[in-house]
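Trainee: Sequence:
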Amino acid sequence: MVNAIEKEVGAIFVPVKDVEKARDWYRELLGVMEEGEIQFGHIYVIPGTNVVLDSKIFDRRPQGTAPLFHINTKDIRRAYEECRAAGVEVTSEVEDGHWFTFKDPDGNMLMVCQC
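Read in order, the letters of the sequence shown are residues 1 to 115 in UniProt numbering.
Note that these hints are calculated values from the structure, not bench results.
Hints may contain errors.
Calculated cross-link-like contacts (lysine to aspartate or glutamate; reagent style EDC-like; alpha-carbon spacing at most 20 Å) [stated by the list, open to error]: (1) Lys-21 to Glu-34; (2) Lys-56 to Asp-24; (3) Lys-21 to Asp-106; (4) Lys-21 to Glu-37; (5) Lys-56 to Asp-106; (6) Lys-103 to Asp-54; (7) Lys-56 to Glu-37; (8) Lys-103 to Glu-81; (9) Lys-103 to Glu-89; (10) Lys-74 to Asp-96; (11) Lys-103 to Glu-82; (12) Lys-17 to Asp-54; (13) Lys-21 to Asp-59; (14) Lys-21 to Glu-35; (15) Lys-103 to Glu-28; (16) Lys-17 to Glu-28; (17) Lys-74 to Glu-93; (18) Lys-17 to Asp-104; (19) Lys-21 to Glu-89; (20) Lys-17 to Asp-59; (21) Lys-56 to Asp-104; (22) Lys-21 to Asp-54.
Label pairs and their calculated CB-CB ranges [said to hold, decoys possible]: (23) His-42 to Asp-75: 28 to 36 Å; (24) Glu-81 to Glu-34: 21 to 29 Å; (25) Ala-86 to Glu-34: 14 to 22 Å; (26) Phe-40 to Gly-97: 37 to 45 Å; (27) Ile-57 to Gly-97: 28 to 36 Å; (28) Arg-61 to Gly-97: 27 to 35 Å; (29) Ile-12 to Met-33: 15 to 23 Å; (30) Glu-37 to Gly-97: 34 to 42 Å; (31) Met-33 to Asn-72: 15 to 23 Å; (32) His-98 to Ile-38: 29 to 37 Å; (33) Gly-97 to Ile-38: 34 to 42 Å; (34) Ala-85 to Lys-7: 34 to 42 Å; (35) Phe-40 to Glu-93: 38 to 46 Å.
None of these values were measured; they are calculated from a predicted model.
Beta carbons: idealized from backbone N, C-alpha and C, even for Gly.
Model the full structure from these sequences, guided by the hints.
Mentor: Given below as structure tokens:
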């Protein structure tokens with residue numbers, strides 16, 4: 001096959017309508033203290049992750065039902081309760097004892113998983 005391609009994901013792009021609002025929401029969700037900077041007026045890389053919020057690729061059409069990616073946790077019940085308490089749009093119960101889904105403010109489906 002193609003051996004020049006590394007077995008590593010460099011970045012995951014998340015389409016957002018307002019990069020500043022999305023930055024603040026994700027920083028709060030993930031407990032990111034470092035602010036970082038918005039690059040080129042539309043890109044924000046969440047510090048400590050390979051997740052890139054990009055307002056230039058935002059599409060107003062409804063998002064799919066499959067999660068874009070999952071975020072790890074060591075305590076799925078606590079993560080679920082914290083998201084609900086923070087007003088996050090949680091879209092499932094804790095399933096199979098180790099994961100649940102939620103939407104960000106732009107309608108992107110995400111997952112939290114105790115894997």
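Trainee: For each hint, tell me whether it holds in the structure or not.
Mentor: These are the hints, each one checked on the structure:
At roughly 16 Å between alpha-carbon atoms, Lys-21 and Glu-34 fall within 20 Å of each other, so this suggested pair holds. Distance hint between Lys-56 and Asp-24 is fulfilled; the C-alpha atoms sit about 17 Å from each other, no more than 20 Å. For the suggested pair Lys-21 and Asp-106, the alpha carbons sit about 10 Å apart, so the restraint of at most 20 Å is met. For the suggested pair Lys-21 and Glu-37, the alpha carbons sit about 13 Å apart, so the restraint of at most 20 Å is met.
At most 20 Å may separate the alpha-carbon atoms for a hinted pair to count; Lys-56 and Asp-106 meet this at roughly 13 Å. Our distance criterion of 20 Å between C-alpha atoms is met by Lys-103 and Asp-54, whose separation comes to about 16 Å. The hinted pair formed by Lys-56 and Glu-37 meets the criterion: a straight-line CA distance of about 16 Å does not exceed 20 Å. Restraint check for Lys-103 and Glu-81: satisfied, since their Cα atoms lie roughly 15 Å apart, inside the 20 Å limit.
A distance of roughly 5 Å separates the Cα atoms of Lys-103 and Glu-89; the hinted pair therefore holds under the 20 Å criterion. Between Lys-74 and Asp-96 the CA atoms are separated by roughly 15 Å; this keeps the pair inside 20 Å, and the hint holds. Taken as a hint, the Lys-103 and Glu-82 pair is honoured in the structure, with Cα atoms around 14 Å apart against an allowance of 20 Å. Pair hint Lys-17 plus Asp-54 holds up; C-alpha atoms about 8 Å apart against a cutoff of 20 Å.
Distance hint between Lys-21 and Asp-59 is fulfilled; the C-alpha atoms sit about 16 Å from each other, no more than 20 Å. Distance restraint check for Lys-21 and Glu-35: the Cα-Cα separation of roughly 13 Å lies within the 20 Å cut-off, and the hinted pair is therefore satisfied. Restraint check for Lys-103 and Glu-28: satisfied, since their Cα atoms lie roughly 14 Å apart, inside the 20 Å limit. Proposed proximity of Lys-17 and Glu-28 is supported: the alpha carbons are some 18 Å apart, at most 20 Å.
Between Lys-74 and Glu-93 the alpha-carbon distance is near 17 Å, which keeps this suggested pair within the 20 Å criterion. Only pairs whose Cα atoms come within 20 Å are accepted, and Lys-17 paired with Asp-104 is accepted, the gap being roughly 11 Å. Restraint check: the Cα-Cα separation between Lys-21 and Glu-89 comes to about 16 Å, which is no more than 20 Å; the hinted pair holds. A C-alpha spacing of about 8 Å is found between Lys-17 and Asp-59, which places the hinted pair at or below 20 Å, so the restraint holds.
Using a Cα cut-off of 20 Å, the hinted pair Lys-56 and Asp-104 holds, with the two alpha carbons roughly 17 Å apart. A distance of roughly 12 Å separates the Cα atoms of Lys-21 and Asp-54; the hinted pair therefore holds under the 20 Å criterion. Taking 28 to 36 Å as the suggested C-beta distance range, the pair His-42 and Asp-75 conforms, at roughly 34 Å. Between Glu-81 and Glu-34 the CB atoms are about 26 Å apart, so this pair conforms to the stated range of 21 to 29 Å.
Checked against the given bound of 14 to 22 Å, the beta carbons of Ala-86 and Glu-34, roughly 20 Å apart, stay inside it. The given range of 37 to 45 Å is respected by Phe-40 and Gly-97, whose C-beta atoms sit roughly 42 Å from each other. In this structure, Ile-57 and Gly-97 meet the distance hint of 28 to 36 Å, their C-beta atoms being roughly 35 Å apart. Here the CB-CB span from Arg-61 to Gly-97 is close to 34 Å, well matched to the stated 27 to 35 Å.
About 21 Å separates the C-beta atoms of Ile-12 and Met-33, a value consistent with the hinted range of 15 to 23 Å. Distance hint for Glu-37 and Gly-97: a CB-CB separation of about 39 Å, consistent with the stated range 34 to 42 Å. Checked against the given bound of 15 to 23 Å, the beta carbons of Met-33 and Asn-72, roughly 19 Å apart, stay inside it. Remark: the range hint 29 to 37 Å for His-98 to Ile-38 is upheld by a beta-carbon distance near 34 Å.
For the hinted restraint 34 to 42 Å between Gly-97 and Ile-38, the CB-CB distance of approximately 38 Å keeps it satisfied. Take Ala-85 and Lys-7: their Cβ atoms lie about 38 Å apart, and the range 34 to 42 Å holds. Between Phe-40 and Glu-93, the C-beta spacing of about 39 Å keeps the proposed range 38 to 46 Å intact.
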